[in-house]
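In the order they appear, the protein sequences are chains A and B.
Here the first sequence stands for residues 1 to 333, where the numbers follow our numbering.
Here the second sequence stands for residues 1 to 202, where the numbers follow our numbering.
You may find that some hints are simply not true.
Calculated lysine-lysine pairs in the DSBU-like style (CA-CA distance at most 35 Å, straight line) [claimed, not checked]:
{"#": "1", "chain 1": "A", "residue 1": "K7", "chain 2": "B", "residue 2": "K35"}
{"#": "2", "chain 1": "B", "residue 1": "K157", "chain 2": "B", "residue 2": "K101"}
{"#": "3", "chain 1": "B", "residue 1": "K71", "chain 2": "B", "residue 2": "K118"}
{"#": "4", "chain 1": "B", "residue 1": "K196", "chain 2": "B", "residue 2": "K35"}
{"#": "5", "chain 1": "A", "residue 1": "K321", "chain 2": "A", "residue 2": "K305"}
{"#": "6", "chain 1": "A", "residue 1": "K75", "chain 2": "B", "residue 2": "K101"}
{"#": "7", "chain 1": "A", "residue 1": "K56", "chain 2": "B", "residue 2": "K196"}
{"#": "8", "chain 1": "B", "residue 1": "K9", "chain 2": "B", "residue 2": "K49"}
{"#": "9", "chain 1": "A", "residue 1": "K56", "chain 2": "B", "residue 2": "K71"}
{"#": "10", "chain 1": "A", "residue 1": "K159", "chain 2": "B", "residue 2": "K49"}
{"#": "11", "chain 1": "A", "residue 1": "K267", "chain 2": "A", "residue 2": "K305"}
{"#": "12", "chain 1": "A", "residue 1": "K7", "chain 2": "A", "residue 2": "K305"}
{"#": "13", "chain 1": "A", "residue 1": "K75", "chain 2": "B", "residue 2": "K9"}
{"#": "14", "chain 1": "B", "residue 1": "K152", "chain 2": "A", "residue 2": "K75"}
{"#": "15", "chain 1": "B", "residue 1": "K196", "chain 2": "B", "residue 2": "K49"}
{"#": "16", "chain 1": "B", "residue 1": "K2", "chain 2": "B", "residue 2": "K71"}
{"#": "17", "chain 1": "A", "residue 1": "K305", "chain 2": "A", "residue 2": "K17"}
{"#": "18", "chain 1": "B", "residue 1": "K94", "chain 2": "A", "residue 2": "K75"}
{"#": "19", "chain 1": "A", "residue 1": "K75", "chain 2": "B", "residue 2": "K157"}
{"#": "20", "chain 1": "B", "residue 1": "K9", "chain 2": "A", "residue 2": "K56"}
{"#": "21", "chain 1": "B", "residue 1": "K71", "chain 2": "B", "residue 2": "K9"}
Quick look at which bits of chain B chain A covers, simulated, 3 or more residues with Cβ under 8 Å [unchecked claim]:
{"#": "22", "segment": "3-9"}
{"#": "23", "segment": "72-81"}
{"#": "24", "segment": "117-131"}
{"#": "25", "segment": "144-156"}
{"#": "26", "segment": "176-183"}
{"#": "27", "segment": "188-197"}
These are calculated hints, taken from the structure and not from any lab test.
Source: prediction; values computed, not measured.
Quick reminder that beta carbons are idealized off the backbone N, C-alpha and C, glycines included.
Below, each chain spelled out in residue letters.
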Amino acid sequence: MTSKTIKPFFLWKHLNKLRWLSLCTVFAMLIFLPYAHVYQTFEAAHAYDLLADSEKQLYDTMEAITSPFINDIEKDLDAIKGNTWSGTFFGYQLSDPLAALGQIFAGRSFYLPFLLTALVPVIFTIVFGRFFCGWICPATFIYELNTNVAAWLRRAGLKTGNRRFDLRIKYLVLAIGLVLSAITGSVLVAGIYPPAIVGREIYYAIALGGFGAGSVFFVITLLFDLLVARRGFCRYLCPGGALYSLLGRFRIFRIQRIVENCNDCAKCNAICEFGLDPLRDGFGQECNNCTACIAICPTDALTFKVRLSDVPNMGPGHLGKLYRRDKKDNGKQ
Amino acid sequence: MKRRGFLQKIVYGTSVLVASSLPFAFSRFLTPDVKADPTTHLRPPGALKDDDAFISACIGCGLCGEVCPPKCIRFYSREGGHKVNTPYINPEEKACTLCNKCMEVCPTASLQETPRNKIDMGISQIDRTACYPWVDRGICGACVAVCPLGEKAISFKMWGQYRPIVHDACVGCGLCVEICPHPSLPIRIVERSQGKVVRHSI
């Protein structure tokens, strides 16, 4: 059996762990920042002696965590604020491109300073594709855990939904949302965009003492994912995902199959959260470069390539073919 | 056969359209259009005067609330209807201290940077039939003592008696409302056009 072995760069296989680290960091920050805000409030009030015991506990804990890094609580803790919908990061303001687009439609005007805050995410999306969905989105963190829960339930013998719909529905959701925003004059897409909801609701729950209206909507999407379609909201309905897909259509970094190494095991298709078809080179604009398929591939047949478009279907994997032919030959002899 | 295919296409198209507008229907269902009481809910300082313009400019990121040192900025939830996720201040619970942090951090222009004496959240209105000094029920002056703008905004009436009088320089931050000891709150923040003294119809 002779086969050319092309080894992909060894690090690509471990990017999935890095991705989980990134997701966990973003989520942990979303929980930390409201507590930091509450702590700043106590600090601004100069009222340590008046705090209740639980509040004192919070104050002391936050002080222990933050004191090695900061000098001036009121100023320095303001360096990182907000959530993935819009936030400040050491003086730089970053916003979601969907926020900028929604605001353009709702206000029917361009406010340039705000649009510029979405510039860096847009450039990153043009280069890396829909990376936000896989690497940063705090809702992805919960949705992927939800996928695991669904797998456990299936293993326990319960039925979970695995329907498939048209992937293009989300573009219609985006279009309808923008039109409705223009008609009603409020940024409606913010109300159904999970990362915005998650960031906001965590803040409401911790700092303002109670979940808002969005949490119910988020629970509905979780149930939809669990009972109707795996990762259904992201795949079929998310307006932000639609925008990122459109922006990342001609992304430069994309995952590509090495047909010589592939043995047609189809594990990549099973793991793909977005229901794509890596086995037949069907990535398309929906791929979020989450690298789960690279991590699971048993024969190192997936790698990153710098290309502006996907390669057309390269046919069945050569390793699988060789394997089959070898088996046939052995059978004859 | 041709007709059946046509009908199938229509059904498919309709279902896709319904499916794609379902999330918006859900979010509307969760936020019924109920008006919150506007008398006690102020917009944060520097907010656009036209409330519709404010709602369309605000993306609901919550940054203003997250930097607010006294934590006075709250957000409309279900009761806000179409105002959902936009900020408000209820001075009866917690009032603005005019620190200007929310305007600096706002990524959109919905909160515009304004010097503290140019802010216009409203104006204090005093009910002279309830305020303790005005009805000769003792000495108070809490509102005058707490005002961040000082004498220009609220001061005592000439010849003392600790009767507070609001001036035009008042920006409506609401600290006087927060501190007022009277249970019925004879001092309130109202629209500038409604005047500085409550007019009773009787």
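We went through each hint and held it up to the structure:
1. A distance of roughly 63 Å separates the Cα atoms of A/K7 and B/K35; the hinted pair therefore is violated under the 35 Å criterion.
2. Of the pairs offered as hints, the one joining B/K157 and B/K101 holds, with about 33 Å between alpha carbons and a cut-off of 35 Å not exceeded.
3. Only pairs whose Cα atoms come within 35 Å are accepted, and B/K71 paired with B/K118 is accepted, the gap being roughly 22 Å.
4. For the suggested pair B/K196 and B/K35, the alpha carbons sit about 25 Å apart, so the restraint of at most 35 Å is met.
5. With a CA separation close to 24 Å, the supplied pair A/K321 and A/K305 stays within the 35 Å bound.
6. With a C-alpha separation of about 10 Å, the suggested pair A/K75 and B/K101 falls inside the 35 Å cut-off, and the hint holds.
7. Only pairs whose Cα atoms come within 35 Å are accepted, and A/K56 paired with B/K196 is rejected, the gap being roughly 41 Å.
8. A hinted pair counts as satisfied when its Cα atoms are at most 35 Å apart, and B/K9 with B/K49 does not qualify at roughly 49 Å.
9. The hinted pair formed by A/K56 and B/K71 meets the criterion: a straight-line CA distance of about 17 Å does not exceed 35 Å.
10. For the hint linking A/K159 to B/K49, the alpha-carbon distance of about 54 Å lies beyond 35 Å, and the restraint is violated.
11. Between A/K267 and A/K305, the direct Cα distance comes to roughly 20 Å. Compliance with the 35 Å bound is thereby established for this hinted pair.
12. With a CA separation close to 13 Å, the supplied pair A/K7 and A/K305 stays within the 35 Å bound.
13. About 60 Å separates the Cα atoms of A/K75 and B/K9, which puts this hinted pair outside 35 Å; it is violated.
14. The hinted pair formed by B/K152 and A/K75 meets the criterion: a straight-line CA distance of about 30 Å does not exceed 35 Å.
15. Between B/K196 and B/K49 the alpha-carbon distance is near 19 Å, which keeps this suggested pair within the 35 Å criterion.
16. Annotation: proposed proximity of B/K2 to B/K71 is violated, straight-line Cα distance about 65 Å (limit 35 Å).
17. With a CA separation close to 20 Å, the supplied pair A/K305 and A/K17 stays within the 35 Å bound.
18. Restraint check for B/K94 and A/K75: the C-alpha separation of about 22 Å stays at or below 35 Å, so the hint holds.
19. Among the hinted pairs, A/K75 with B/K157 is inconsistent with the structure: their alpha-carbon atoms are about 40 Å apart, more than 35 Å.
20. Distance check on the hinted pair: B/K9 and A/K56 sit about 64 Å apart at the alpha-carbon level, beyond 35 Å; violated.
21. Between B/K71 and B/K9, the direct Cα distance comes to roughly 54 Å. Violation of the 35 Å bound is thereby established for this hinted pair.
22. Counting residues of the segment 3-9 of chain B whose beta carbon lies closer than 8 Å to any beta carbon of chain A gives 0, which falls below the threshold of three, so the coverage claim is violated.
23. Here's how the segment 72-81 of chain B fares: 4 of its residues keep a CB closer than 8 Å to some CB of chain A, so the rule of at least three is met and the hint holds.
24. Three residues within the 8 Å Cβ limit are the bar, and the segment 117-131 of chain B against chain A gives 0, so the coverage statement is violated.
25. Interface restraint, the segment 144-156 of chain B with chain A: violated (0 residues with C-beta to C-beta distance below 8 Å; minimum three).
26. Only residues whose beta carbon comes within less than 8 Å of a beta carbon in chain A count, and the segment 176-183 of chain B has 0; fewer than three means the coverage is violated.
27. For the segment 188-197 of chain B, the assignment as covered by chain A is violated, since 0 residues bring a beta-carbon within under 8 Å of that chain's beta-carbons and 3 are needed.
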